[in-house]
Amino acid sequence: MNRLIARLLLLSTVCTLPLGATRGQKTTEQNPTETLIRNATVLTITQGTLENTDVLIRKGKIAAVGKNLKGSAGARVMDGTGKFVMPGIIDCHSHSMLDAINEGTLAVTSMAHTRDVLNPTDVDLYRELAGGVTTLNLLHGSANPIGGLNTVVKIKYGRPVAEFIFPGAMPGIKFALGENPKRSSSPNFPGVQRRYPNTRMGVEEVIRDAFTRARDYKKAWEEYRAAVGKGEKNLIPPRRDLQLEPLVEVLEGKRYVHAHCYRTDEILMLINLADEFGFKVKTFQHVLEGYKVAREIAQHGAGASIFADFWGYKIEAYDAIPYNAAILTRAGVVVSMNSDSDERARRLNIEAAKAMHYGDLSEEEALKLITINPAIQLGIQNRVGSIEVGKDADLAIWNAHPLSVYARVDTTFIDGDIFFDRQQDLARRPELAKERARLELAEPNKPPTQGAQSPQAPRRRRPTNEDDDTWEGDIDKP
Amino acid sequence: MITTGRSRRRRQNNTVRGERLVKGKKKDANFGGFFVVMLLALTTNASGQQIGNPTTQQDVTFPRSTYAIRNAHIITVGGADIDNGTVVIRDGKIEAVGTNVNIPSSAKQIDAHGLFVYPGMMDPSTKLGLVEVGQGANGTVDTSETGELNPNAKAVIALNPHSAHIAISRVDGVTNAVSAPAGGLISGQAVLINLLGTTPSEMAIVPYAALVINYPRIAGRAGDFGGQQQPIGNLSETLATNERQVDQIRKMLRDAESYGRAQDAYAKDHSLPRPDRNVVLESLVPYVRGVQPVIFQADREAEIRGAVKFAEEMKLKPIILGGNDAWKIASLLKEKNVPVIVTGVLDLPGREDDPYDVLYENAAKLQRAGVRFCISTGDSGAHVRNLPLYAGMAAAFGLPKLEALKAVTLYPAQIMNVADRLGSVEVGKMANLVVTDGDLLEPRTHIRYLFIDGREVPLTSRHTELNEAFKNRR
Numbered sequence: 001m002n003r004l005i006a007r008l009l010l011l012s013t014v015c016t017l018p019l020g021a022t023r024g025q026k027t028t029e030q031n032p033t034e035t036l037i038r039n040a041t042v043l044t045i046t047q048g049t050l051e052n053t054d055v056l057i058r059k060g061k062i063a064a065v066g067k068n069l070k071g072s073a074g075a076r077v078m079d080g081t082g083k084f085v086m087p088g089i090i091d092c093h094s095h096s097m098l099d100a101i102n103e104g105t106l107a108v109t110s111m112a113h114t115r116d117v118l119n120p121t122d123v124d125l126y127r128e129l130a131g132g133v134t135t136l137n138l139l140h141g142s143a144n145p146i147g148g149l150n151t152v153v154k155i156k157y158g159r160p161v162a163e164f165i166f167p168g169a170m171p172g173i174k175f176a177l178g179e180n181p182k183r184s185s186s187p188n189f190p191g192v193q194r195r196y197p198n199t200r201m202g203v204e205e206v207i208r209d210a211f212t213r214a215r216d217y218k219k220a221w222e223e224y225r226a227a228v229g230k231g232e233k234n235l236i237p238p239r240r241d242l243q244l245e246p247l248v249e250v251l252e253g254k255r256y257v258h259a260h261c262y263r264t265d266e267i268l269m270l271i272n273l274a275d276e277f278g279f280k281v282k283t284f285q286h287v288l289e290g291y292k293v294a295r296e297i298a299q300h301g302a303g304a305s306i307f308a309d310f311w312g313y314k315i316e317a318y319d320a321i322p323y324n325a326a327i328l329t330r331a332g333v334v335v336s337m338n339s340d341s342d343e344r345a346r347r348l349n350i351e352a353a354k355a356m357h358y359g360d361l362s363e364e365e366a367l368k369l370i371t372i373n374p375a376i377q378l379g380i381q382n383r384v385g386s387i388e389v390g391k392d393a394d395l396a397i398w399n400a401h402p403l404s405v406y407a408r409v410d411t412t413f414i415d416g417d418i419f420f421d422r423q424q425d426l427a428r429r430p431e432l433a434k435e436r437a438r439l440e441l442a443e444p445n446k447p448p449t450q451g452a453q454s455p456q457a458p459r460r461r462r463p464t465n466e467d468d469d470t471w472e473g474d475i476d477k478p
Numbered sequence: 001m002i003t004t005g006r007s008r009r010r011r012q013n014n015t016v017r018g019e020r021l022v023k024g025k026k027k028d029a030n031f032g033g034f035f036v037v038m039l040l041a042l043t044t045n046a047s048g049q050q051i052g053n054p055t056t057q058q059d060v061t062f063p064r065s066t067y068a069i070r071n072a073h074i075i076t077v078g079g080a081d082i083d084n085g086t087v088v089i090r091d092g093k094i095e096a097v098g099t100n101v102n103i104p105s106s107a108k109q110i111d112a113h114g115l116f117v118y119p120g121m122m123d124p125s126t127k128l129g130l131v132e133v134g135q136g137a138n139g140t141v142d143t144s145e146t147g148e149l150n151p152n153a154k155a156v157i158a159l160n161p162h163s164a165h166i167a168i169s170r171v172d173g174v175t176n177a178v179s180a181p182a183g184g185l186i187s188g189q190a191v192l193i194n195l196l197g198t199t200p201s202e203m204a205i206v207p208y209a210a211l212v213i214n215y216p217r218i219a220g221r222a223g224d225f226g227g228q229q230q231p232i233g234n235l236s237e238t239l240a241t242n243e244r245q246v247d248q249i250r251k252m253l254r255d256a257e258s259y260g261r262a263q264d265a266y267a268k269d270h271s272l273p274r275p276d277r278n279v280v281l282e283s284l285v286p287y288v289r290g291v292q293p294v295i296f297q298a299d300r301e302a303e304i305r306g307a308v309k310f311a312e313e314m315k316l317k318p319i320i321l322g323g324n325d326a327w328k329i330a331s332l333l334k335e336k337n338v339p340v341i342v343t344g345v346l347d348l349p350g351r352e353d354d355p356y357d358v359l360y361e362n363a364a365k366l367q368r369a370g371v372r373f374c375i376s377t378g379d380s381g382a383h384v385r386n387l388p389l390y391a392g393m394a395a396a397f398g399l400p401k402l403e404a405l406k407a408v409t410l411y412p413a414q415i416m417n418v419a420d421r422l423g424s425v426e427v428g429k430m431a432n433l434v435v436t437d438g439d440l441l442e443p444r445t446h447i448r449y450l451f452i453d454g455r456e457v458p459l460t461s462r463h464t465e466l467n468e469a470f471k472n473r474r
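These protein sequence lines are chains A and V, in that order.
Residue numbers 1 to 478, in my numbering, belong to the letters of the first sequence in order.
Residue numbers 1 to 474, in my numbering, belong to the letters of the second sequence in order.
Do not rely on the hints blindly, as some may be mistaken.
[Claimed, not checked] These stretches of chain V come out as covered by chain A in the derived footprint (C-beta under 8 Å, 3 or more residues):
1) 133-139
2) 339-351
3) 372-386
[Stated by the list, open to error] The calculated label-pair distances, taken between Cβ atoms and stated as ranges, are:
4) I157(V) x D79(A): 53 to 61 Å
5) R474(V) x R436(A): 57 to 65 Å
6) E202(V) x P190(A): 44 to 52 Å
7) N382(A) x N337(V): 56 to 64 Å
8) N102(V) x D79(A): 47 to 55 Å
9) P190(A) x R277(V): 40 to 48 Å
Everything labelled a hint here was simulated from the structure, so no lab data went into it.
What you are looking at is a predicted structure, and each value in this text was computed from that prediction instead of being measured.
Ideal placement from N, C-alpha and C gives every residue a C-beta, glycine not left out.
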C-alpha cells in the first residue's frame, strides 16, 4: 500500500523534469518575415479602437494598420474575425526570471544588478506570455532603501538570455520605503545585530547620506575631468565607486528611480528629498496611499505603478483602496497597473478592468494602465505600448475584448515572432505527456526500494517571484 | 513605531471623516493589545480602536422592509431567466418572482429598467472576520489555535462583525461566506454567514457549518501570495509522518464516536455509569455521525484520494477543499459523490510541466465529468470580493457561463446544505440579492442595489469612504 502511495506521490511530484524549457514554441525558424492579421478589432490605445481592421507585421515591426491590407506572397495570414488585437502588456513591476531578488545585506546596494541573475528558462515567463504580457520591468527587491539596478526585458522565452534585454530601455534603480527596508517583518536573531535602518527616519537618512556622497563623488569626477580638460598632467583620477555611480546617473537624469512605497509620509519624504537633490522619481511603485497625495505626486511629475485592489496584507497596506488608479489618473499622474507576482502577471487585463469598476475609468484609460503608460514609465514608449506603424510588433490576439473576464489569449507576438500560441500549445500536449511518462520510468525517478535511499524531491530552484511583503520568501534565511 | 505610524494615519482619517472613533473589541484582547491602545491614547485624541475607520466598520444592522424591484432582467440561476420581471421582498424573504406578480402597497418600488437581478454570491472558503491584517498585526489574527487537534475551535466565536473586509466584500456582490479556522490537523468548525450583522449570531446562518480538517500534505501549500509550493523533503519520512497524522485524526474521531454512543446509552438507561462530559469530543459527534459535513483541505491527487478513502472508512460526509488535482480523479469523486470547493483557479500551476491553464480549467473538467463542485477564492478576507473573477476565469477556460455563475451561487449553497435558503432567486428563499448594470462576473460591472436578509444595504465600505474623503482633495 505504501508502495502504491509512494508511486502516486512520485507521479505527482516529478516536478523538476526539464520539460518546462520544451514548452516554449519552437517557432524561430517557422516565423516568416511578414504576418497579416485580418479583420480584427484593433485596440490601438493611442488612436482609438478600429473595427474590421488588418494589422501587417513586417520584419518585427508594425508595417501597416488599415483595411484590406495585402501581405507579400510568403506572409503568414491569420484570420482575426471576431478577435481583438491589443499591444503586448507591459508589467512595470516583476521579479520573474530572477534567481535572486534581494541583496538585502546592506542598506544601499546600487552596485547589485538584476542583469546578473536572469534565468531565461523560468516557466512562469511562458505563463505570462499566455496572458498577453510581452515586456517586464525586472526590479530588485525592497529590502533596502536603495536597492539594485533593474532590467527591462521582452519575454523571448526559448531564446538565449541576451535576446531578452530590451534595447534602449532607460536604466533604472529600485528604492524602497516603509516596512520592508526597515525590516519590520524580519525576525530578530539572538546575537545578530539588526541592519540599519530600523525606522522610516533611518530610511530617509540612508538615502540622504547616499546622495550626499554621490554628489561629492560626481563633483570629484567633474573637477578631475575639468582639470584634464585644461591639460593638467599626472593627475590621479578619483577612485571608482560602483555603489555611487548609479546614483550619479540618477542625479544626471540618466537613470530612472522606481521607488517602492506605501504611506503618505514616506511618499512626501522622497519627493522632498528628490527635489532637494535635483532629481526626479520616475515611478512610485505600489504607492498604496498615493490617492491621498495625488496632487503632490503630479506636481513632482512622478508616475505611479500600482495594484488594482490588493490591500490589507500588512499594516501599511491597510489604507489602500481600489480607487487609487482613478484618483491618480484624474490628478494627471501617469498610472500603470503592475503585478509584482508571476501569478497576477498572467491576468493584468483583468486588473486593468477593475479600474473601470472602481472609479469609472474609461475603457481606453483602463487599457493604457497596462500598455502605453508603463511604456512611458520605462522610457520605451517609442517602441511599444500601442499599435502604431513603426512600433515593435509586440502584440496579442485575444478571443474576446481583453477587459472581459471571459477573454483568453490566442497568440502573443514579440518583434513579429510568435512566442505563445494556444493552438500550438494544445497540439503539443500529447507529446509532452509521453515525454513525462518516459521520464517517470527513468531510473532516478523510480520509487524507493528496500534499502535504497528515498528519492529526494528537488529544492526550489529559485525564490518565489514576489518581493514585497513575502519577506521570508525573498531572502535566503540565515 | 507601527503604533505611532498608525496613529498618525488614524488621526488623519479621523480629521477627514470628522467621526468619533469608537472603542474596539481588541482593546481587551490581551495585555499587549492594551499596551498598544494606551500608546494610541497617549498619541492621539482618538480612543483606541483596532485598525480601522468609522461607520461601515461599525456595521449596524439595517431594518427589513418590503421592496419591489421592477422591470428587471432576473437571472434566477435556479430556473430560466425572466425578462422585464419583478422581485418582491418581504420579511427578509423573496415573496414573489415573475412578470405578473402582486406588488404590496407598502412596497418601496425600485425601477430596475436595464438592470439585472442576481442571487448574492457565496464564497465557501474564507477566513472573513477571523483575521484583519495577516502580517505585522498578530493581534488581529484568530485563525489557528495552538496544537494539532482543535475540533472545538469555532469560527462563530471569534467572528468580528466589524471587520472592514465584510462590507468591502458585500458591496461587490458577495452576500454569504463560509468562514473557517485554519491550522493544525483538525482546525475547527466553520460558520456560514450573511455578510451583514452587528453580532456574530446575527450574521450566522449555520453556526457550525462544517468541521475543517487539513488532510496531511505531501508538500507545503503555496503561500497567501501565491508563491510556489515548498519542496518536499525525504519522501519516505514524509509518508510515515502523514500516516501518523492520519492516525491522530482517526483516533480522535473514533473517540468521538464512542463518546456519542456512551452518552446515548446513558440517556436511555440511567442505571449505566454516567460518562463524563467532554466538550471537545462532544463537538465532533454530529460530524462523525455523518450529519454535518467535514471539509478536507487537499490539493494533490494522493491527498485527495487519501481524504476520500479516510472519509469512507470513517463514514463521514466529506467535502474536498482546494482540489487542484481533482480533475485527475474526477471519476472517483463522481462515483463517491464527493463535492469539491475549488480554490486554486488563479493559483500558478504547481508543477513546471503542467499546462499553463491546468488550474484555470480544473472547474470545467469537473463540471464535464459530473462532479459536484463550486468555486471559492480561498482568501482570508481582503480579496473575497474577487470571487466573480475566479468564476469568470474558469468560464474563459471552458466552464459554461451559467455554470460559472452557479459555481459561486447555487452550487456552494447546495454543497453547504443551505440551498433551501440561499443560492438562487426563488420564492421563499432568503432575500440576498444584487442588482447590477451588467454581467455579475465581469469586472467592469457595477452593483446598484444590495439586499441581504431582506435589508437594503448601503453600498459603502471602508474603501468607498476613503475614496469619498480624498477624491476631491486638490
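Hint check results:
Residues of the segment 133-139 of chain V with a Cβ under 8 Å from some Cβ of chain A number 5, which satisfies the need for three, so the listed coverage holds. Coverage of the segment 339-351 of chain V by chain A holds in this model, with 6 residues showing a Cβ closer than 8 Å to a Cβ of that chain against a need of three. Coverage of a stretch by a chain is defined here by at least three residues with a beta carbon nearer than 8 Å to that chain's beta carbons; for the segment 372-386 of chain V and chain A the count is 5, and the condition holds. Between I157(V) and D79(A) the CB atoms are about 60 Å apart, so this pair conforms to the stated range of 53 to 61 Å.
Between R474(V) and R436(A) the CB atoms are about 60 Å apart, so this pair conforms to the stated range of 57 to 65 Å. For the pair E202(V) and P190(A), the beta carbons lie near 47 Å from each other, so the given range of 44 to 52 Å is met. Between N382(A) and N337(V) the beta carbon distance is about 60 Å. The supplied range of 56 to 64 Å therefore holds. Distance hint check for N102(V) and D79(A): the Cβ-Cβ separation is about 53 Å, which falls inside the suggested range of 47 to 55 Å.
Separated by about 45 Å at the C-beta atoms, P190(A) and R277(V) satisfy the suggested range of 40 to 48 Å.
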